[in-house]
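There are 2 protein chains.
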Amino acid sequence: MVEELKMNYGHLFEDALIQEINQVGTFKEVPEGHKMIEIGDYIKSIPLLISGAIKILREDNDGDELLLYFLEKGDTCAMTLTCCLGQTKSEIRAIAETDTKLIMIPVRKMEEWSAKYKSWRNFVFESYHNRLNEMLETIDSIAFLNMDERLLKYLKEKSRISEDNIIHNTHQQIAYELHTSRVVVSRLLKKLENQDKIELHRNNIEVINLD
Amino acid sequence: MVEELKMNYGHLFEDALIQEINQVGTFKEVPEGHKMIEIGDYIKSIPLLISGAIKILREDNDGDELLLYFLEKGDTCAMTLTCCLGQTKSEIRAIAETDTKLIMIPVRKMEEWSAKYKSWRNFVFESYHNRLNEMLETIDSIAFLNMDERLLKYLKEKSRISEDNIIHNTHQQIAYELHTSRVVVSRLLKKLENQDKIELHRNNIEVINLD
DNA sequence: ATGGATAAGTAACAAAAGTTACACAAGAGT
DNA sequence: ACTCTTGTGTAACTTTTGTTACTTATCCAT
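Here the protein sequences line up with chains A and B, keeping their order. So the first sequence is residues 0 to 210, counted in numbering that gives the first Met the number 0. So the second sequence is residues 0 to 210, counted in numbering that gives the first Met the number 0.
Mixed in with the good hints there might be a few duds.
FRET-style restraints, in silico, Cβ to Cβ [to be verified]:
no.: 1; chain 1: A; residue 1: Q172; chain 2: B; residue 2: K27; range: 49 to 55 Å
no.: 2; chain 1: B; residue 1: M0; chain 2: A; residue 2: D210; range: 50 to 56 Å
no.: 3; chain 1: B; residue 1: G85; chain 2: A; residue 2: G9; range: 17 to 23 Å
no.: 4; chain 1: B; residue 1: D98; chain 2: A; residue 2: D14; range: 48 to 54 Å
no.: 5; chain 1: A; residue 1: Q172; chain 2: B; residue 2: E148; range: 24 to 30 Å
no.: 6; chain 1: B; residue 1: I207; chain 2: A; residue 2: D98; range: 52 to 58 Å
These aren't lab readings, by the way, just hints derived from the structure by calculation. From the three backbone atoms N, C-alpha and C, an ideal C-beta is built for every residue, glycine too.
From just these sequences and the hints, can you work out the full model?
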């Protein structure tokens, strides 16, 4: 675990902190699709991402979903930090977008390290910063963009994260994450196909050129 | 200034920190409507709100606006914290919604106090927590609600903050903040008037009963 | 190969939101 | 009183998005 820690967090944390993380953290591998946090869960440990990606979703009272953003290598979950400190329930759902490796830190260390390590404090602040900016991006998308532009952005993000040019999603799944209907997604995807940006297949979408 | 500090932050900060704030902070009064932060500004001090309210707005490339949330007594601006630490430009615009009193803290104290005072760290974390939740609220509104529901929510929030039942806004101003058009706002307001929830006048809206 | 389930294509329609255009009202300044 | 500016009311229309309904395609299991 130490190598992976140093690889991903060595530039952020001093050796002493890396050592501590190594001692109290537990390594975890999560398969694609696994639900890691459900809305309403109480959270007792902080994740440090080593590899893979996690999608963060919001749900309203009627069960309607919306994709907020992705967490990637080197990220942590600001919502989790928040929940840990405040002892409050999770406001979001987290699902592994790809196979993911991470290190879980028990909450109690949070306060201790915040006092002890400047680098930890900076990491936490930085995480909040990043998450607020992701939220702003999300707000920009839903407030200022039409569905066709949102879909395009979504496809770009997806293919960036999966690091391949095949997006393994059904139209229905995309509709859930953009909070629209399957018919609308199919319609707009077909337009993109006609523009030779993508090719549609069953259960997946082949990215040709999204620019 | 000390009394106001103790009144608003005494339950959060120990005396030593209150003293320090008193020494390095500068008291400031801002009139309603004053633009406090513009998008792209670099920020060199952290505001602690004593009284009044500040509205936080987002703008896209075309100049379209959107109200994100309000800051009130006891709040600080997480975006500002973020900008201070990261030395980055502001992503948002801040305008005094009412006459506002606040204390400005120079950035350099941020790091020092974070190391020294647990209560300061908690305050900062708490602020981020609150802001993330406000952003979630905003996302919920624009993603899951129709314009009529958003307008109703907006009116409730406005009348709560101004602590009176007259909302001093033109339809055009409301349209900007909700990122829609004046005609749409007028249309929906008229519906609310027909339901006896509000009464419309020139330049202001009288709240009767919004529930 | 056949049947059943799931995914995708598409037309027709409905609802919500945005746009254009114009009339009218209130108030400010002359 | 008259004019100008700004704010509001409203009709008619367009665009975007969402819904319903049905067809066709693909894959899996037997």
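Hint check:
In this structure the hint that Q172 (chain A) and K27 (chain B) lie 49 to 55 Å apart at CB holds, the actual value being about 50 Å. Distance hint check: the CB atoms of M0 (chain B) and D210 (chain A) are about 55 Å apart, consistent with the given range 50 to 56 Å. Between G85 (chain B) and G9 (chain A) the beta carbon distance is about 21 Å. The supplied range of 17 to 23 Å therefore holds. Between D98 (chain B) and D14 (chain A) the Cβ separation comes to about 52 Å, which falls inside the hinted range of 48 to 54 Å.
Checked against the hint of 24 to 30 Å, the pair Q172 (chain A) and E148 (chain B) passes, with Cβ atoms roughly 27 Å apart. About 57 Å separates the C-beta atoms of I207 (chain B) and D98 (chain A), a value consistent with the hinted range of 52 to 58 Å.
When held up to the earlier numbered hints, the structure conflicts with none and fits them all.
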